[in-house]
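Let the sequences and hints guide you as you build the complete structure.
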Amino acid sequence: MPLHILSVDYQNPIHRTALVMLLDAYAQDPMGGGEPLAQDVKARLCDDLAARTDAASFIAWLDAAPVGLVNCIEGYSTFKARPLMNIHDIAVLPEHRGAGVGQALLAAAERHAQARGCCKLTLEVLTGNTRALKSYLGFGFEPYALDPAAGQASFMQKWL
1 MPLHILSVDY
11 QNPIHRTALV
21 MLLDAYAQDP
31 MGGGEPLAQD
41 VKARLCDDLA
51 ARTDAASFIA
61 WLDAAPVGLV
71 NCIEGYSTFK
81 ARPLMNIHDI
91 AVLPEHRGAG
101 VGQALLAAAE
111 RHAQARGCCK
121 LTLEVLTGNT
131 RALKSYLGFG
141 FEPYALDPAA
151 GQASFMQKWL
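Mapped onto UniProt numbering, the consecutive letters of the sequence shown carry residue numbers 1 to 160.
Treat the hints with care, as some may be off.
Said to hold, decoys possible - Cross-link-like lysine-lysine pairs, in silico, DSSO-like; alpha carbons within 30 Å at most:
id	residue 1	residue 2
1	K42	K80
2	K134	K120
3	K134	K80
4	K80	K120
5	K120	K158
6	K80	K158
7	K158	K42
Rather than coming from a laboratory, the hints here were simulated on the basis of the structure.
What follows is the structure in structure tokens.
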């Protein structure tokens, strides 16, 4: 059976289990931080996503097995006065990397963003994640810069 991408129904027990399993596998990967998700996060994640009107997730299935995940959160571009779609998480199980799963998930996120009238897709990637960087560049992403003379944007965080 070929690879197929399904929109996650956050109330569907099969989808819920697959989403948490895939995100936990990503969290445990060195590029995801190397630590498993906390039990309380696993317990509430799908309900929290379901309560949001700005969240969408897609799972890549190969036969009946979940092999990849993309979580998208809608934001807003004040410079364009239009919504934007941030790819908050994208993960492919290690044994399925390099087989087009990530590209299929990016395409699903792009279709969803277009359907929502978004002006762009955004994502963050670690500079050491060269395989993902190559995939994103191949899909048409480019480093964010308003003016090359000002340099590229840096993604920063402050825990609250």
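* Among all the numbered hints in the text so far, which are the ones the structure does not match? -> 1
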